[in-house]
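J.: Spelled out from the first residue to the last, the chains are:
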Amino acid sequence: MGELRLMKGNEAIAEAAIRAGCDGYFGYPITPQSEVMEYLMAEKPFERTGMVVLQAESETASINMVYGGAGTGKMVMTSSSSPGISLMQEGISYMAGAELPGLIVNVVRGGPGLGTIQPSQADYFQAVKGGGHGDYHMLVLAPASVQEMCDHVKLGFDLAFKYRTPVMILSDGAIGQMMEKVVLFDQIPRRTDEQIIEQCPWASNGRPASRDHHIITSLDLDPAGQERVNLKLQAKYKTMEENETRYEEINCEDAEYIFVAFGLAARICQKATDLARAKGIKVGLFRPITLFPFPAQEVAFIGNRVKGILVVEMNAGQMIEDVKLSVGCRVKIEHYGRFGGIIPSPDEVVRALEKQIIGG
Amino acid sequence: MEEQFEKIEIRKPENIVYKKTDLLVDRPLSYCPGCGHGTVHRMLMEVLEEMNIYEKTIGVSPVGCSVLAYDFLNIDMIGAAHGRAPAVATAVKRLWPDHFVFTYQGDGDLAAIGTAETIHACNRGENFTIIFINNGIYGMTGGQMAPTTLPGMRSSTSPYGRDVPTMGHPLKITELVAQLPGVHFVTRQAVHTPGNVRKTKKALRKAFELQKENKGVAFVEVVSNCNSGWKMTPVQANKWMEEHMFPFYPLGDIKVDGKLVEKKEMVDKE
Amino acid sequence: MTEEIIIAGFGGQGVLSMGKILAYSGVMQNKEVSWMPSYGPEMRGGTANVTVIISDERISSPTINAFDTAIILNQQSMDKFEKTVKPGGLMIYDPNGITRHPERKDINIYAIEAADEASKLGLAKVFNMIVLGGFLKLKPLIAPEFLHKGLEKSLPARHHKLIPENEKAVEIGKGLLKPIQVLN
Numbered sequence: 000m001g002e003l004r005l006m007k008g009n010e011a012i013a014e015a016a017i018r019a020g021c022d023g024y025f026g027y028p029i030t031p032q033s034e035v036m037e038y039l040m041a042e043k044p045f046e047r048t049g050m051v052v053l054q055a056e057s058e059t060a061s062i063n064m065v066y067g068g069a070g071t072g073k074m075v076m077t078s079s080s081s082p083g084i085s086l087m088q089e090g091i092s093y094m095a096g097a098e099l100p101g102l103i104v105n106v107v108r109g110g111p112g113l114g115t116i117q118p119s120q121a122d123y124f125q126a127v128k129g130g131g132h133g134d135y136h137m138l139v140l141a142p143a144s145v146q147e148m149c150d151h152v153k154l155g156f157d158l159a160f161k162y163r164t165p166v167m168i169l170s171d172g173a174i175g176q177m178m179e180k181v182v183l184f185d186q187i188p189r190r191t192d193e194q195i196i197e198q199c200p201w202a203s204n205g206r207p208a209s210r211d212h213h214i215i216t217s218l219d220l221d222p223a224g225q226e227r228v229n230l231k232l233q234a235k236y237k238t239m240e241e242n243e244t245r246y247e248e249i250n251c252e253d254a255e256y257i258f259v260a261f262g263l264a265a266r267i268c269q270k271a272t273d274l275a276r277a278k279g280i281k282v283g284l285f286r287p288i289t290l291f292p293f294p295a296q297e298v299a300f301i302g303n304r305v306k307g308i309l310v311v312e313m314n315a316g317q318m319i320e321d322v323k324l325s326v327g328c329r330v331k332i333e334h335y336g337r338f339g340g341i342i343p344s345p346d347e348v349v350r351a352l353e354k355q356i357i358g359g
Numbered sequence: 000m001e002e003q004f005e006k007i008e009i010r011k012p013e014n015i016v017y018k019k020t021d022l023l024v025d026r027p028l029s030y031c032p033g034c035g036h037g038t039v040h041r042m043l044m045e046v047l048e049e050m051n052i053y054e055k056t057i058g059v060s061p062v063g064c065s066v067l068a069y070d071f072l073n074i075d076m077i078g079a080a081h082g083r084a085p086a087v088a089t090a091v092k093r094l095w096p097d098h099f100v101f102t103y104q105g106d107g108d109l110a111a112i113g114t115a116e117t118i119h120a121c122n123r124g125e126n127f128t129i130i131f132i133n134n135g136i137y138g139m140t141g142g143q144m145a146p147t148t149l150p151g152m153r154s155s156t157s158p159y160g161r162d163v164p165t166m167g168h169p170l171k172i173t174e175l176v177a178q179l180p181g182v183h184f185v186t187r188q189a190v191h192t193p194g195n196v197r198k199t200k201k202a203l204r205k206a207f208e209l210q211k212e213n214k215g216v217a218f219v220e221v222v223s224n225c226n227s228g229w230k231m232t233p234v235q236a237n238k239w240m241e242e243h244m245f246p247f248y249p250l251g252d253i254k255v256d257g258k259l260v261e262k263k264e265m266v267d268k269e
Numbered sequence: 000m001t002e003e004i005i006i007a008g009f010g011g012q013g014v015l016s017m018g019k020i021l022a023y024s025g026v027m028q029n030k031e032v033s034w035m036p037s038y039g040p041e042m043r044g045g046t047a048n049v050t051v052i053i054s055d056e057r058i059s060s061p062t063i064n065a066f067d068t069a070i071i072l073n074q075q076s077m078d079k080f081e082k083t084v085k086p087g088g089l090m091i092y093d094p095n096g097i098t099r100h101p102e103r104k105d106i107n108i109y110a111i112e113a114a115d116e117a118s119k120l121g122l123a124k125v126f127n128m129i130v131l132g133g134f135l136k137l138k139p140l141i142a143p144e145f146l147h148k149g150l151e152k153s154l155p156a157r158h159h160k161l162i163p164e165n166e167k168a169v170e171i172g173k174g175l176l177k178p179i180q181v182l183n
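Residue numbers (numbering that gives the first Met the number 0), protein chains in the order written: chain P, 0 to 359; chain X, 0 to 269; chain C, 0 to 183.
Chain P on its own, in the form it takes in the complex (with noise of 0.2 Å):
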């Protein structure tokens, strides 16, 4: 068994950078996720194990700074929160055109703008529809607990690297804020040039006399490769909805209700699965841990069996789309949310679900 703390999320995730062996880290001051940073400064990781850790003067400048890290084949990422992730969205559409793998921490609060700094999920369809300019995704994973914020690290970097492609990591708030106990994996050695040269022979690291140059672009200025690109990320996405959906069923066996919900709402909605049973209602919990690729069939799968939906989401309903779109409309699927930092009780999800679904 690996090493045990009790750790805030936010500094989980930047201890597994540093065990995972990260080569770069990139990013610029926003609550509520600097203690990334702050941490990684504090741990020194260029003495531990060789990583850069640069405070960048935007998270314009912060998610360009992975771009080019990542366009020669370093494992590199940022961390931000809801308002520094929209000004990243340039830099990840780049990075999804160019094919470039990175992991991307968004610890989410409430919107829209300027917003609050508290809590929120409110990020859901940015995170998993694109964001940015063009067609695209990135994968995207939901950590519900500080042990998965550090797991997450470690799965985002291998998927990034599978598939080249940016990462996300959707959190919240109060997952970054909060302390939890983490086992945490062993160090990882970084890999060396040398490797990272054979691992990914389509890097920009520098053109040994005998190969032909490599480029670095999302640039194609004829529409037919243009077009070429997007059917070859559209194949690429294809086959992460087949190989990587990642979900979680909780109390499902026997249910005749269903909480459909992700990250700390998924949480939120376990104890009120207890809270439920224990007044005799039969419900149970699908927890998506990949947003994109959502986890339809299986969704579908156990929304067909049921009586009814709850979705629960810290937003005004947008995971809800994608339950809707898997289970179809045989099924009663409402929604039920707080928003701009307020974290809904569990209680109250007990009574939306008595008076939306049951009552309903």
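No lab work stands behind these hints: they were computed from the structure.
Don't take every hint at face value.
[Unchecked claim] As a list, the in silico DSSO-like pairs of lysine-lysine whose alpha-carbon atoms are at most 27 Å apart:
1) K138/C to K104/C
2) K85/C to K124/C
3) K138/C to K79/C
4) K43/P to K211/X
5) K258/X to K201/X
6) K354/P to K85/C
7) K124/C to K354/P
8) K281/P to K331/P
9) K152/C to K167/C
10) K43/P to K160/C
11) K262/X to K201/X
12) K148/C to K43/P
13) K167/C to K124/C
14) K85/C to K148/C
15) K214/X to K201/X
16) K237/P to K278/P
17) K153/P to K152/C
18) K278/P to K104/C
19) K278/P to K85/C
20) K278/P to K119/C
21) K138/C to K148/C
22) K281/P to K124/C
23) K200/X to K55/X
24) K128/P to K237/P
25) K160/C to K148/C
26) K262/X to K205/X
27) K43/P to K262/X
28) K138/C to K124/C
29) K128/P to K235/P
30) K82/C to K43/P
31) K258/X to K171/X
[Said to hold, decoys possible] Under 7 Å between C-beta atoms, here's a sample of chain C residues computed to sit facing chain P:
32) T1
33) Y23
34) P36
35) N64
Yeah, the Cβ is synthetic: ideal placement off N, Cα and C, and Gly gets one too.
Given chain P's structure and the hints, the job is docking chains X and C onto it.
T.: Only chains X and C this time, still in chain P's reference frame:
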């Protein structure tokens, strides 16, 4: 008739007086006839070849006319988003510190949309070379006003000339970055005459030599022309550049060995 | 066993660190724990609070609105959290600065004059540990050896010399409780 001439093979090493470097890809440049980009591309690649560092060089190209520079430069390249080349290059150099890294940027890219990235990379003293082509106009998008467009100068978005009270002053970004402690070498050159071409090449060589010493940013501006954007023939454009651009953007070294050059020395003596 | 606790007071009273020491001690005792703070500008000089959950099972929601125990260290927190204690639950409060004492009839209430005692003994820095001692006396969730380990893990190495003083404060707290209302 043909038989009267004896075919002689003249392509022998001893006969070569000039050869295009292999570091330029064998394809026609997409630039307008008379544009300075092609000449700077050639100088840059000759320097990398002569220093024999091309295998360890990573270039970052911009958005603008030279967006396709990576198609012509036969080295590993990364195409950056508009203005972000210094951020991209920052990460590349920090992650590959034994490599040579440069950005190649135009005036809109470097001095407008990318001002923050430029200033902060320079101020951090990143150990890479910035090559800044200043032609006072947005060439790629069709001749719009740039941050470096001269007062009164016409462009498609200042069709009656740049009106300073409403459109602002041209930005001397090169003098600005020269003030920053992270910047070690700043020079302003041109490529419209053989003499200037030689000087530009020398400046580029110096900029890459400095990367070995990790002394911070080496910033090479090349004042160039844009015949298409300026609506002139190449000859007219070069004349106009000498008469109008150079007085505002005087050629010469601006900062050497980390020290600002006295103003009177800045005037080109040639 | 699951114990859901809210600790609330002024920023600077050591509310968050008390919660962290409690949570880390729980980790050392092989419990599941969560520590969920209020965060943001309110922490700077205003009120601070933290929800700590210690359980034998996987913890579901880290944010809750009903608590087994409320530890209350200022009036604003009394106003906000008195009503959140579960019926039959526990409230521990320091009467220092409290102008409106608790009114609930369906919960157990203890006072702990930790602020007075800490200033009397010149132990102002471990005020929060005195309060924690009071809590652990009533809810002995954490064995002393695990509290020791929790302190070692929570405090930076340069402060480890202060661990005996912290443990002494916990012992003082255990003897300082004053029952106000104890349900049968």
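J.: All hints, please: hold or fail.
T.: Against the structure, the hints:
A threshold of 27 Å between alpha carbons decides the hint, and for K138/C with K104/C the separation of about 20 Å falls inside it, so the pair holds. For the suggested pair K85/C and K124/C, the alpha carbons sit about 31 Å apart, so the restraint of at most 27 Å is broken. For the hint pairing K138/C with K79/C, the CA-to-CA distance comes to about 23 Å; that is within 27 Å, so the pair holds. Our distance criterion of 27 Å between C-alpha atoms is met by K43/P and K211/X, whose separation comes to about 26 Å.
Using a Cα cut-off of 27 Å, the hinted pair K258/X and K201/X holds, with the two alpha carbons roughly 19 Å apart. Under the criterion of a C-alpha separation no larger than 27 Å, the hint pairing K354/P with K85/C is consistent with the structure, at around 24 Å. With a C-alpha separation of about 50 Å, the suggested pair K124/C and K354/P falls outside the 27 Å cut-off, and the hint is violated. Straight-line distance between C-alpha atoms of K281/P and K331/P comes to about 16 Å, which keeps the hinted pair within the 27 Å bound.
Between K152/C and K167/C the alpha-carbon distance is near 18 Å, which keeps this suggested pair within the 27 Å criterion. A C-alpha spacing of about 25 Å is found between K43/P and K160/C, which places the hinted pair at or below 27 Å, so the restraint holds. Between K262/X and K201/X the CA atoms are separated by roughly 21 Å; this keeps the pair inside 27 Å, and the hint holds. With a CA separation close to 25 Å, the supplied pair K148/C and K43/P stays within the 27 Å bound.
About 12 Å separates the Cα atoms of K167/C and K124/C, which keeps this hinted pair within 27 Å; it holds. For the suggested pair K85/C and K148/C, the alpha carbons sit about 30 Å apart, so the restraint of at most 27 Å is broken. Proximity of K214/X to K201/X is assessed by CA-CA distance (about 18 Å); at most 27 Å being required, the pair is judged to hold. Taken as a hint, the K237/P and K278/P pair is broken in the structure, with Cα atoms around 42 Å apart against an allowance of 27 Å.
Between the alpha carbons of K153/P and K152/C the distance comes to roughly 25 Å, so the proposed pair stays at or under 27 Å and holds. Straight-line distance between C-alpha atoms of K278/P and K104/C comes to about 26 Å, which keeps the hinted pair within the 27 Å bound. Proposed proximity of K278/P and K85/C is supported: the alpha carbons are some 17 Å apart, at most 27 Å. A threshold of 27 Å between alpha carbons decides the hint, and for K278/P with K119/C the separation of about 51 Å lies outside it, so the pair is violated.
A C-alpha spacing of about 18 Å is found between K138/C and K148/C, which places the hinted pair at or below 27 Å, so the restraint holds. Taking the CA atoms of K281/P and K124/C, the gap is near 50 Å; set against the 27 Å cutoff, the hint is violated. In summary, the hint linking K200/X to K55/X is supported, as the alpha carbons are separated by about 19 Å, within the 27 Å threshold. Between K128/P and K237/P, the direct Cα distance comes to roughly 14 Å. Compliance with the 27 Å bound is thereby established for this hinted pair.
Restraint check for K160/C and K148/C: the C-alpha separation of about 13 Å stays at or below 27 Å, so the hint holds. Proposed proximity of K262/X and K205/X is supported: the alpha carbons are some 21 Å apart, at most 27 Å. Proposed proximity of K43/P and K262/X is contradicted: the alpha carbons are some 44 Å apart, above 27 Å. Between the alpha carbons of K138/C and K124/C the distance comes to roughly 23 Å, so the proposed pair stays at or under 27 Å and holds.
A hinted pair counts as satisfied when its Cα atoms are at most 27 Å apart, and K128/P with K235/P qualifies at roughly 15 Å. Using a Cα cut-off of 27 Å, the hinted pair K82/C and K43/P is violated, with the two alpha carbons roughly 45 Å apart. Our distance criterion of 27 Å between C-alpha atoms is met by K258/X and K171/X, whose separation comes to about 18 Å. Taking 7 Å as the C-beta contact cut-off toward chain P, the hint placing T1/C at the interface is violated, the least distance being around 10 Å.
With 7 Å as the threshold, the beta carbon of Y23/C comes within range of chain P, its nearest partner Cβ sitting at about 5 Å, so the hint holds. Here the hint on P36/C is kept, as its CB sits about 6 Å from the closest CB of chain P, short of 7 Å. For N64/C, the shortest C-beta to C-beta distance to chain P is roughly 4 Å, which falls under 7 Å, so the interface hint holds.
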